[in-house]
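Per full-length UniProt numbering, residue 1 is the first one in the sequence shown, and the count goes up by one each step.
Just so you know, these hints were derived from the structure itself, not from any lab. C-beta: ideal position from N, C-alpha, C; glycine also. Check the hints yourself; a few may be wrong.
[As the list claims (entries may be wrong)] Restraint-style ranges between C-beta atoms, simulated for each label pair:
| id | residue 1 | residue 2 | range |
| --- | --- | --- | --- |
| 1 | D87 | K240 | 49 to 59 Å |
| 2 | K289 | S456 | 42 to 52 Å |
| 3 | N138 | L116 | 28 to 38 Å |
| 4 | N944 | T695 | 36 to 46 Å |
| 5 | S584 | M298 | 22 to 32 Å |
| 6 | N222 | P717 | 37 to 47 Å |
| 7 | K563 | K289 | 23 to 33 Å |
| 8 | M298 | K383 | 46 to 56 Å |
| 9 | D684 | K268 | 22 to 32 Å |
| 10 | D818 | T695 | 21 to 31 Å |
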Amino acid sequence: MAEAILYGIAQTIIENLGSMAFAEIGSVWGVKDEFEKLKDTVSAVQAVLLDAEEQQGKSHRVKHWIMKLRDAVYDADDLLTEFYTEDMRQRVMGGDQMAKRVRTSFTTFFSSSNQLAFRHDMAKKITSVRERFDAIANDMNKFQFIVHPLQTGVLTREREQTYSFVCEEEVIGREEDKKAIMDLLFDYDVQENVSFISIVGIGGLGKTTLAQYVYNDEKVNNYFELHMWVCVSDVFDVQKIAEKIIKCAIGLKLENLEMEQAQNELRKTLNQKKYLLVLDDVWNEDEEKWYNLKRLLMGGSKGSKVVITTRTKLVAEITSTISPYYLQGLSKNQSWSLFKQMAFRKRQEMINPNLEAIGMDIVHKCCGVPLAIKAIGRILYFKKTEDEWLYIKNKELTNVTQEENNSSILSILKLSYDHLPSHLKCCFAYCSLFPKDHEISKLTLINLWIAQGFISSSNEKLHMEDVANEYCMDLLWRSFFQEAREDSFGNTISFKMHDLIHDLAQSISRVECTYIDSNIENVNENVCHLSVASVGQLTSLQVLPLFIVNEELSCAGLPELNKLNNLRGELRIRIKVRVKDATSKAKAANLKDKQHLRKLELIWGKLGNDVARVWEDENLMEGLRPHQNLKMLTVVGYQGVRFPSWLPSLTGLVILEISQSMCQHLSPMYQLPNLRNLSLEFMDGLEYISDREITEEISASSTFFPSLKSLKLWSCPNLKGWWRRDTVGVVTSSHQYQSHVSLPSFPRLLQLEISFCKNLTCMPLFPNLEEPLRLTVSSCNPLQQTMNMIDIFSIPSASKSSPPLSKLKFLSLDRIQDIELLPEQWLQNLASLEELEIKGCDRLKSLSLSLFMKHLTSLKKLCISWCEEVDLFNDEDTQSVGVSPLQRLTIDGCHNLISLPEGIGNLTAPQTLEISGLPNLISLPEGIRSLTSLKRFEVRSCPNLTSLSSGMHRLSSLQTLIIAACPHLKERYQKGIGEIAHVPNFQYYDS
1 MAEAILYGIA QTIIENLGSM AFAEIGSVWG VKDEFEKLKD TVSAVQAVLL
51 DAEEQQGKSH RVKHWIMKLR DAVYDADDLL TEFYTEDMRQ RVMGGDQMAK
101 RVRTSFTTFF SSSNQLAFRH DMAKKITSVR ERFDAIANDM NKFQFIVHPL
151 QTGVLTRERE QTYSFVCEEE VIGREEDKKA IMDLLFDYDV QENVSFISIV
201 GIGGLGKTTL AQYVYNDEKV NNYFELHMWV CVSDVFDVQK IAEKIIKCAI
251 GLKLENLEME QAQNELRKTL NQKKYLLVLD DVWNEDEEKW YNLKRLLMGG
301 SKGSKVVITT RTKLVAEITS TISPYYLQGL SKNQSWSLFK QMAFRKRQEM
351 INPNLEAIGM DIVHKCCGVP LAIKAIGRIL YFKKTEDEWL YIKNKELTNV
401 TQEENNSSIL SILKLSYDHL PSHLKCCFAY CSLFPKDHEI SKLTLINLWI
451 AQGFISSSNE KLHMEDVANE YCMDLLWRSF FQEAREDSFG NTISFKMHDL
501 IHDLAQSISR VECTYIDSNI ENVNENVCHL SVASVGQLTS LQVLPLFIVN
551 EELSCAGLPE LNKLNNLRGE LRIRIKVRVK DATSKAKAAN LKDKQHLRKL
601 ELIWGKLGND VARVWEDENL MEGLRPHQNL KMLTVVGYQG VRFPSWLPSL
651 TGLVILEISQ SMCQHLSPMY QLPNLRNLSL EFMDGLEYIS DREITEEISA
701 SSTFFPSLKS LKLWSCPNLK GWWRRDTVGV VTSSHQYQSH VSLPSFPRLL
751 QLEISFCKNL TCMPLFPNLE EPLRLTVSSC NPLQQTMNMI DIFSIPSASK
801 SSPPLSKLKF LSLDRIQDIE LLPEQWLQNL ASLEELEIKG CDRLKSLSLS
851 LFMKHLTSLK KLCISWCEEV DLFNDEDTQS VGVSPLQRLT IDGCHNLISL
901 PEGIGNLTAP QTLEISGLPN LISLPEGIRS LTSLKRFEVR SCPNLTSLSS
951 GMHRLSSLQT LIIAACPHLK ERYQKGIGEI AHVPNFQYYD S
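Construct the entire structure; sequences and hints are all you get.
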């Protein structure tokens with residue numbers, strides 16, 4: 001791994017030093033010569049890395065030289081990054097006007113003396129790094145390394161288009177073993193209801209493959225009522241094993257059950273059923289732990305079997321109720337058959353018979369272990385000549401003993417690693433960071449490799465993701481990965497590593513990445529990235545932006561936060577796994593005592609949505625009660641039905657954002673004194689905001705959301721109303737104003753967006769909006785209820801100072817399907833409206849331009865688009881309309897429009913007119929020629945339009961005329977000719 005990573009970093013250094021950017025940096029900073037010398041030295045050292053890697057296993061001096069080189073390469077890379085960052089910072093500070101003002105005010109750092117000192121310091125650093133490389137290069141000459149290039153990019157090999165790795169189903173030489181195990185499974189003449197069978201053998205022998213072979217047999221499937229497979233591996237946790245068994249049996253994740261609940265659920269699952277359970281890769285030699293699990297498994301009916309695969313005889317003796325089955329290696333013929341599949345191209349052995357004899361000797365060293373045979377076979381697949389095969393046999397396999405033990409197998413696996421292309425070595429070794437038996441997502445692994453800089457290609461047309469995918473499939477094909485899982489299209493989506501392969505990866509990667517013993521007192525000064533497990537001991541910690549909860553990967557648990565009461569600013573908690581004992585662990589996080597936190601984000605990953613998950617999330621959320629000083633709370637992915645009871649206690653809360661959650665309602669929050677922003681998004685389960693009676697909140701109307709200024713409701717498809725028990729009902733007529741008197745209003749709400757909430761029919765009124773009101777794919781009822789407050793102002797008792805929405809400046813109605821018209825009494829109230837958008841309202845029948853001009857006295861932009869049934873009818877009194885400030889008018893996609901109203905000509909200040917998507921439009925109103933202030937005129941996709949206006953020459957201010965997809969106008973209007981000769985910018989497009 002070392003030489004591959006070092007080679008990549010060294011290549012980056014060389015490319016950077018040779019770039020135009022660093023040439024300029026070198027000149028500006030006065031270190032151009034140092035950059036050139038460093039580039040030459042790094043290039044020379046890079047060329048011998050492969051040979052140095054091969055020699056370090058035999059020479060302690062070479063190994064020490066590589067360690068010094070590694071440190072120097074990382075330091076050089078860091079220093080170049082520092083140069084580049086400082087150069088970019090100074091460019092930004094020099095070019096940005098605000099930065100200039102800051103620089104003027106704070107001149108200490110930027111003083112000429114400090115600048116000179118900083119430049120001098122950076123020059124000393126680059127000189128020091130260059131001198132270190134010179135010394136390393138001088139030492140390099142003592143070793144007489146061979147110069148040869150590193151293999152990079154995707155390896156090209158002769159194979160079919162589909163990957164030719166051996167599928168798990170293609171088991172060789174295990175028919176007799178399969179029959180023996182099946183005889184034990186079908187043996188009904190046993191005293192106990194549940195029998196335990198152990199398969200014992202060294203690593204790589206095929207115990208798991210044999211168990212799979214039996215487990216998937218049709219006769220076995222028909223014989224047992226329940227079939228369950230659980231990988232146990234190193235950690236023998238009875239509760240965790242029980243949860244996995246339940247998941248296999250009933251298909252539900254119940255990972256966060258208490259121990260007593262898990263036991264009861266498991267007994268219920270197995271009760272009086274004849275089941276087959278495979279416990280794969282068991283290492284536990286503690287008899288008491290095994291007895292605790294065995295007790296839970298005894299509830300099956302007679303004939304139930306538990307198969308255990310293990311490497312150790314002691315485990316077999318503890319667990320088996322019948323004699324263990326000791327798996328032997330493959331026979332000579334079986335071994336050779338498997339080897340041929342892996343090592344030979346089609347009929348290659350017939351071309352060169354000598355290879356068969358050499359191959360037989362090599363196979364003999366593998367002791368019948370399938371994993372070793374596959375590994376050595378894939379090495380030889382790429383060796384075409386007899387000399388290459390002999391070199392493997394006589395040189396590289398000389399230290400491999402012909403003994404059936406793990407050490408010998410690891411030696412062969414190490415050899416297979418040594419023969420990997422360099423670009424695959426670092427990628428494989430990096431996989432040591434995954435736990436044993438972890439199902440590795442191919443997409444996740446690809447992203448991690450790319451982030452680490454392991455992926456490169458000389459072909460610029462190939463995306464890095466495609467190259468990384470090829471790397472994955474190469475490792476799978478070479479048997480470094482196994483148990484590949486495919487999607488419905490046959491694409492590999494995940495795989496695992498054999499535990500011996502995982503051991504190999506860990507032994508290789510220790511130099512670059514490793515787990516640190518928890519008792520270590522000092523960390524190596526060369527560590528670049530460190531993940532601290534016991535963060536809870538850092539009791540003076542003040543900044544912790546991200547805290548990941550992932551107990552499966554030995555990451556910190558919530559109790560680690562218990563004593564971190566000095567945290568301030570922002571804390572984001574990402575919950576990656578289901579949390580056991582959710583209530584106690586959440587309370588142990590002690591968020592309620594973290595008074596300095598201002599922003600808290602609680603983010604759940606995709607962990608399933610079963611019944612147990614709902615219960616777990618509710619308990620977890622209830623326990624994560626923050627301090628009342630919290631200003632901003634964001635909740636993402638919460639699957640509980642109820643929101644926690646502590647929400648009303650957050651009296652300091654200013655911003656609340658909830659998304660992708662399944663709450664049916666929220667806790668009462670109408671009295672939160674400081675809440676200004678409320679956002680609810682993608683909440684499929686939300687049916688109502690409040691679980692209270694409407695009368696309860698009305699009685700406290702003086703404190704009803706007293707500070708709320710912005711409300712966003714987005715994609716809540718099941719949201720029906722604000723209150724569960726709504727005694728007011730939905731009002732559809734302006735004559736029912738009396739019922740509105742009891743509806744509470746948002747006293748300070750300025751912004752409102754309701755999108756994709758089709759069923760929302762009743763909510764508090766919003767008469768004081770000033771900023772955008774957006775309704776998208778939703779009901780018009782909330783707007784209608786607020787607008788109908790207009791009638792209240794005709795009542796003598798009404799003491800309001802201004803009608804509802806009289807301060808609104810922007811209104812957007814997008815795909816509102818229950819609106820047929822805009823009543824005049826609405827329009828006359830929107831005196832402050834500056835921009836109006838009406839889009840995709842299919843049931844909207846008619847609009848009056850003259851009424852818009854008459855009542856919307858502040859309107860500057862009007863857009864009417866994709867309202868297919870709308871008619872812009874003409875009015876008789878358009879002449880009486882006063883001055884209109886409308887500057888931009890857009891009419892688009894209204895297919896039923898045959899003509900435009902003559903009232904367009906009465907606009908007094910239009911600057912832009914856009915007409916498009918009107919297939920039935922034949923002509924434009926002659927009044928257009930009166931728009932003397934018009935600067936831009938666009939006409940698109942009006943195929944039946946035969947002319948614009950007879951008075952186009954009167955549009956004296958027109959600067960731009962664009963016509964597109966209007967075939968009748970193409971010949972009539974040409975640049976610089978006739979009626980448009982005065983237009984400086986004319987364009988015509990056929991589409």
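Results of checking the hints against the structure:
no. : hint                      : result
1   : D87 <-> K240: 49 to 59 Å  : holds (52 Å)
2   : K289 <-> S456: 42 to 52 Å : holds (48 Å)
3   : N138 <-> L116: 28 to 38 Å : holds (33 Å)
4   : N944 <-> T695: 36 to 46 Å : violated (59 Å)
5   : S584 <-> M298: 22 to 32 Å : holds (30 Å)
6   : N222 <-> P717: 37 to 47 Å : holds (44 Å)
7   : K563 <-> K289: 23 to 33 Å : holds (32 Å)
8   : M298 <-> K383: 46 to 56 Å : holds (54 Å)
9   : D684 <-> K268: 22 to 32 Å : holds (31 Å)
10  : D818 <-> T695: 21 to 31 Å : holds (27 Å)
Hint violations for this structure: number 4 only, all remaining hints satisfied.
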